[in-house]
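*Asks:* Each chain is listed here by its residues.
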Amino acid sequence: MRWLPLFISLALPFGTLAAKKPSSPADTFNDFHTKAISTTPVKLADSSYKKLTASPRDYSVTVLLTAMDARFGCQLCREFQPEWDLLAKSWLKGDKNAESRIIFSTLDFSDGRDTFISLSLQTAPVLLFFPPPLALTLFLVLKVLFDTTSQTVHAWLSRHLPDRPHPPVKRPVNYVAWAVGVVSTLGIAGALAKAGPYILPVVQNRNAWAAISLIGILMFTSGHMFNQIRKVPYVAGDGRGGISYFSAGFQNQLGMETQIIAFIYGLLSFSAIALIMKVPRVADAKKQQVWVLLWSAILFLLYSFLLSIFRIKNGGYPFSLPPLYVRER
Amino acid sequence: MAVATASDPSPIQVLADFGKSKSLRTLLRVLILCFIAGAAVSSRLFSVIRFESIIHEFDPWFNFRATKYLVANGFYDFWDWFDDRTWHPLGRVTGGTLYPGLMVTSGAIYHALRALTIPVDIRNICVLLAPAFSGLTAFAAYLLTNEMTTNTSAGLLAAAFMGITPGYISRSVAGSYDNEAIAIFLLVFTFYLWIKALKLGSVLWGALCALFYGYMVASWGGYAFITCLVPLHAFVLICMGRYSTRLYVSYTTWYALGTLASMQIPFVGFLPVRTSEHMPALGIFGFLQLVAFIYYIRSALSGAQFKAFLFVGLGAVFGLALLGLVAMTSAGYIAPWSGRFYSLWDTGYAKIHIPIIASVSEHQPTAWPAFFFDLNMLIWLFPAGVYLCFQDLKDEHVFVVVYALFGSYFAGVMVRLMLTLTPIVCVAAAMASSQLLSTFLSVKSPKAKDPEQEDVADVSSKKTKQSAGSLRSANSPYVGVYSFLSKGLVSGIMTIYLLLFVLHCTWVTSNAYSSPSVVLASRMPDGSQHIIDDYREAYQWLRQNTKEDAKIMSWWDYGYQIGGMADRPTLVDNNTWNNTHIATVGKAMSSSEEVSYPIMRQHEVDYVLVVFGGLLGYSGDDINKFLWMVRIAEGIWPDEVSERKFFTPRGEYRVDGEATETMKNSLMYKMSYYNYHTLFPPGQAQDRVRGVRLPDTGPVLNTLDEAFTSENWIIRIYKVKDLDNVGRDHAAAASFERGHKKKKATKKRGPRTLRVD
Chain X
1 MRWLPLFISL ALPFGTLAAK KPSSPADTFN DFHTKAISTT PVKLADSSYK
51 KLTASPRDYS VTVLLTAMDA RFGCQLCREF QPEWDLLAKS WLKGDKNAES
101 RIIFSTLDFS DGRDTFISLS LQTAPVLLFF PPPLALTLFL VLKVLFDTTS
151 QTVHAWLSRH LPDRPHPPVK RPVNYVAWAV GVVSTLGIAG ALAKAGPYIL
201 PVVQNRNAWA AISLIGILMF TSGHMFNQIR KVPYVAGDGR GGISYFSAGF
251 QNQLGMETQI IAFIYGLLSF SAIALIMKVP RVADAKKQQV WVLLWSAILF
301 LLYSFLLSIF RIKNGGYPFS LPPLYVRER
Chain H
1 MAVATASDPS PIQVLADFGK SKSLRTLLRV LILCFIAGAA VSSRLFSVIR
51 FESIIHEFDP WFNFRATKYL VANGFYDFWD WFDDRTWHPL GRVTGGTLYP
101 GLMVTSGAIY HALRALTIPV DIRNICVLLA PAFSGLTAFA AYLLTNEMTT
151 NTSAGLLAAA FMGITPGYIS RSVAGSYDNE AIAIFLLVFT FYLWIKALKL
201 GSVLWGALCA LFYGYMVASW GGYAFITCLV PLHAFVLICM GRYSTRLYVS
251 YTTWYALGTL ASMQIPFVGF LPVRTSEHMP ALGIFGFLQL VAFIYYIRSA
301 LSGAQFKAFL FVGLGAVFGL ALLGLVAMTS AGYIAPWSGR FYSLWDTGYA
351 KIHIPIIASV SEHQPTAWPA FFFDLNMLIW LFPAGVYLCF QDLKDEHVFV
401 VVYALFGSYF AGVMVRLMLT LTPIVCVAAA MASSQLLSTF LSVKSPKAKD
451 PEQEDVADVS SKKTKQSAGS LRSANSPYVG VYSFLSKGLV SGIMTIYLLL
501 FVLHCTWVTS NAYSSPSVVL ASRMPDGSQH IIDDYREAYQ WLRQNTKEDA
551 KIMSWWDYGY QIGGMADRPT LVDNNTWNNT HIATVGKAMS SSEEVSYPIM
601 RQHEVDYVLV VFGGLLGYSG DDINKFLWMV RIAEGIWPDE VSERKFFTPR
651 GEYRVDGEAT ETMKNSLMYK MSYYNYHTLF PPGQAQDRVR GVRLPDTGPV
701 LNTLDEAFTS ENWIIRIYKV KDLDNVGRDH AAAASFERGH KKKKATKKRG
751 PRTLRVD
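Chains as they are written, first to last, in the UniProt record's numbering: chain X, 1 to 329; chain H, 1 to 757.
FYI, nobody ran anything at the bench for these hints, they're computed from the structure.
Treat the hints loosely; a few may be bogus.
What the hints assert, rightly or not - Simulated restraints on C-beta separations:
#	chain 1	residue 1	chain 2	residue 2	range
1	X	Ile117	H	Asp729	41 to 49 Å
2	X	Gln151	H	Ile532	42 to 50 Å
3	X	Tyr175	H	Cys239	30 to 38 Å
4	H	Val692	X	Trp178	19 to 27 Å
5	H	Thr648	X	Lys51	56 to 64 Å
6	X	Pro168	H	Ser244	19 to 27 Å
7	X	Ile215	H	Lys22	58 to 66 Å
8	X	Val235	H	Gly201	34 to 42 Å
9	H	Gly201	X	Ile215	30 to 38 Å
10	H	Leu322	X	Phe305	47 to 55 Å
Claimed, not checked - Computed from the model, here is a short list of chain H residues facing chain X with C-beta under 8 Å:
#	residue
11	Ser302
12	Ala304
13	Phe306
14	Leu436
15	Thr439
16	Gly651
Each residue gets a CB set at the ideal place from its N, CA and C atoms; glycine is no exception.
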């Protein structure tokens with residue numbers, strides 16, 4: 001029986017150790033690191049966020065505060081999320097022994113409303129970085145970044161993690177795309193070889209090429225490349241619940257707007273072509289008269305419509321078709 | 001199928017016959033072309049009439065300065081010119097890093113006029129060079145269009161369109177003395193010579209084409225457009241099975257001589273055999289040899305042998321060529337795509353990798369209003385003209401189609417390349433409109449319902465339907481227009497449109513493209529014009545009040561103007577060849593005074609010039625360009641400059657009281673807003689560009705002295721203080737002085753007021 005106190009006294013330190021376990025920084029790190037191995041970046045909620053970023057730390061944490069829910073309409077959040085996942089994954093992969101001691105995590109607004117409020121954040125996504133020993137938080141508001149790719153964020157993190165390994169971002173090889181590409185190339189080549197005699201007349205058809213060229217020209221001259229490069233929205237609201245087809249301003253346009261313009265250009269061109277090519281080939285005088293009237297009317301009305309659209313874009317434009325000249329207001 | 005009209009000549013018939021004699025037609029054509037050239041020149045003179053004969057914008061000032069150097073020192077000195085007054089302290093091997101065509105052209109004109117004892121100032125030649133060449137461009141467009149169609153009136157219409165279309169005027173008003181001023185003429189003329197050479201298969205025309213191509217290379221970096229378009233045309237022709245000895249002769253002549261000619265320009269040097277944008281031309285050159293060889297072999301071998309030879313030979317050659325290309329690229333003999341060119345294909349590339357390119361608005365994509373603004377009704381006549389080219393698709397029509405597609409793609413990607421699209425738009429639109437007019441303006445009307453004629457028509461229609469490869473719309477036979485009503489209606493509409501086009505062009509030119517941007521014009525409340533001449537005021541101040549070799553630091557946009565107008569050395573200028581040096585200036589502007597001052601001392605900067613539009617509401621000022629300075633500096637020193645520190649935690653770019661500390665401490669902010677609040681009663685200080693109220697206490701400058709502020713505060717010049725006499729740092733010295741002078745200063749200085757005339 002005299003062994004019991006000894007046992008107890010021996011057990012005591014173990015007990016305290018056991019009790020201390022969750023609050024030790026090393027353990028928190030190991031905890032979250034094991035979570036990260038299964039899914040990285042780690043999904044956080046309010047409580048786990050507090051736990052992870054609690055002040056005595058010997059590891060660093062980065063948290064992406066985002067709002068993925070469709071209700072918030074955060075385009076950038078959705079664009080950045082795959083980049084962020086990629087960065088976290090390739091970091092974890094490149095740093096198997098966790099030498100950089102960093103946890104990548106994500107906190108969505110729907111899981112961490114209180115955190116957003118306590119940080120008084122108005123914008124998302126925001127990247128937080130907690131360097132190891134300090135009770136200091138670094139903010140990176142992604143909206144102001146020049147480009148939001150994983151490389152930029154990687155460079156930013158690396159700058160704040162001196163003398164730690166910085167595993168580079170590795171984009172995974174898209175095997176599916178490769179397979180699809182190879183198979184479809186082979187398939188198309190085979191199909192072409194087989195169907196050559198049938199396709200050749202189409203390829204050599206002048207009308208087809210004329211149509212392709214005209215469509216290309218109409219597309220490019222109606223600002224299609226601008227849409228591609230600037231990623232403009234297709235339509236926009238007019239603020240009163242309706243749709244606005246034309247955005248005011250000389251340097252802006254909407255996706256739908258360019259399609260309307262391309263259509264108008266196309267119709268104008270077509271009526272010019274019809275007047276040049278088709279009408280003089282109509283043998284019947286009456287019919288010809290009707291066609292001329294029809295195409296001229298289309299030419300006239302559409303062009304005046306085009307001018308009126310252009311006056312929306314360029315406020316001071318003084319010309320319009322029926323009166324020819326509008327005084328500047 | 002023409003049907004005779006009544007036997008007695010109507011008055012209209014007489015009038016029509018009047019123009020039928022050949023010599024009279026030629027005379028009329030010459031007269032019309034002269035009038036078109038006159039119209040082209042005079043519509044570009046708005047700025048000279050409204051302001052004065054002055055060089056515009058930024059780059060022209062450098063060209064002007066280089067031309068003056070050429071005229072003063074002769075050609076060889078110009079060729080070897082090392083300019084130590086720019087890019088201080090590096091200097092620039094100017095003779096080897098510019099396109100000398102423009103300067104040599106105006107130098108030659110100057111000397112020719114001198115030889116004719118016409119005393120003319122070189123500045124006037126430079127100002128009026130672009131309008132003069134626009135007349136020539138109109139003539140070149142006439143020639144090019146005449147190669148495309150038998151209808152000579154199309155050429156005249158094309159010349160008229162080319163002369164006045166805003167897409168070309170935008171770059172060639174009087175005073176815009178830039179490379180494009182002569183380059184567009186050379187572009188159109190080279191294309192004309194290429195078509196001529198291709199049609200005739202003539203070495204002479206091919207050599208002429210190469211000669212003008214060489215001139216083009218000497219004039220404008222846009223020569224790559226020709227370098228890519230001509231091979232593309234040749235390639236498309238080969239693919240269509242239209243290889244001919246004409247093509248072989250003209251292409252090989254052009255390529256061999258043209259490449260040699262282009263390599264004479266020091267700035268181009270060996271680029272034509274090393275960079276990827278020249279590779280299509282080289283590749284097609286090799287391909288043509290192969291095709292020619294195969295055609296030769298086919299004439300010598302039997303069918304089966306030839307087939308085997310074709311597969312083995314072609315496969316081997318292509319494999320070898322591909323391997324060679326890969327090996328040379330990886331070994332570094334062939335440079336990968338240069339940044340500017342690459343940004344045309346991968347539009348995201350420039351945005352990420354080359355902020356200096358992304359910062360230039362000329363490299364932005366084109367929204368549709370810009371197309372309509374610059375080309376008006378030509379933009380929808382253009383596809384119609386291209387369609388007409390498919391009617392009898394000869395080699396030269398293929399060129400129009402290829403050029404149209406290629407040109408409209410590039411014009412859509414980059415605003416600046418609207419210029420290369422404009423010629424083909426004019427040509428195609430002229431073809432369409434002249435066809436339309438000649439169809440509806442012919443006096444002869446076909447007789448209705450002639451049974452014989454119908455028979456003929458039926459036969460011929462069957463014939464045309466059988467012949468493959470023609471347009472569907474051209475299947476039935478041509479009859480003509482019957483009624484005068486249709487003729488009158490369509491030609492009336494067309495006349496109105498042409499009239500509207502002229503009005504549009506004049507309006508656009510006068511409103512959008514005729515401002516020199518060195519001098520700003522505004523309207524007074526009573527409608528009279530008020531000239532804001534701050535730029536020249538400031539540059540004149542620099543010229544008169546600073547040492548000959550005082551170094552001026554400013555953002556690179558103003559480098560050429562300072563060099564040209566103030567004649568002072570600059571740190572960086574619009575020739576953006578050294579990104580690091582530009583980033584150094586960006587860092588000095590975006591850092592705090594303690595960081596900037598050593599940089600400025602190291603570069604021996606005497607004065608710093610900033611452009612500030614807050615008082616006037618002039619939006620093109622340095623605070624609005626500031627983020628680009630920060631970005632470019634951050635690209636080189638990511639640890640010291642960081643863009644996000646210029647944004648508030650909410651992600652806003654602010655300049656008022658809420659601005660971030662980094663913003664408030666940056667040299668650019670301090671220089672822009674220094675003493676600005678004293679113009680206003682307390683609490684009323686306002687920035688009219690950003691539309692915000694500024695704090696009551698302005699920034700404090702310790703290392704700079706305000707030297708000059710122009711009338712409307714657009715340009716502010718600061719003198720860099722020398723080191724302190726007793727070795728204090730500037731902040732300490734300044735605070736000591738403030739401590740002493742505090743009472744005096746308040747007595748002496750009342751609130752500053754804005755000068756009002």
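*Asks:* Look at each hint and say if it fits the structure.
*Replies:* Checked hints:
{"no.": "1", "hint": "X:Ile117 / H:Asp729: 41 to 49 Å", "in the structure": "holds, 45 Å"}
{"no.": "2", "hint": "X:Gln151 / H:Ile532: 42 to 50 Å", "in the structure": "holds, 44 Å"}
{"no.": "3", "hint": "X:Tyr175 / H:Cys239: 30 to 38 Å", "in the structure": "holds, 34 Å"}
{"no.": "4", "hint": "H:Val692 / X:Trp178: 19 to 27 Å", "in the structure": "violated, 53 Å"}
{"no.": "5", "hint": "H:Thr648 / X:Lys51: 56 to 64 Å", "in the structure": "violated, 30 Å"}
{"no.": "6", "hint": "X:Pro168 / H:Ser244: 19 to 27 Å", "in the structure": "violated, 54 Å"}
{"no.": "7", "hint": "X:Ile215 / H:Lys22: 58 to 66 Å", "in the structure": "violated, 42 Å"}
{"no.": "8", "hint": "X:Val235 / H:Gly201: 34 to 42 Å", "in the structure": "violated, 54 Å"}
{"no.": "9", "hint": "H:Gly201 / X:Ile215: 30 to 38 Å", "in the structure": "holds, 34 Å"}
{"no.": "10", "hint": "H:Leu322 / X:Phe305: 47 to 55 Å", "in the structure": "holds, 52 Å"}
{"no.": "11", "hint": "Ser302", "in the structure": "violated, 24 Å"}
{"no.": "12", "hint": "Ala304", "in the structure": "violated, 20 Å"}
{"no.": "13", "hint": "Phe306", "in the structure": "violated, 20 Å"}
{"no.": "14", "hint": "Leu436", "in the structure": "holds, 5 Å"}
{"no.": "15", "hint": "Thr439", "in the structure": "holds, 5 Å"}
{"no.": "16", "hint": "Gly651", "in the structure": "holds, 4 Å"}
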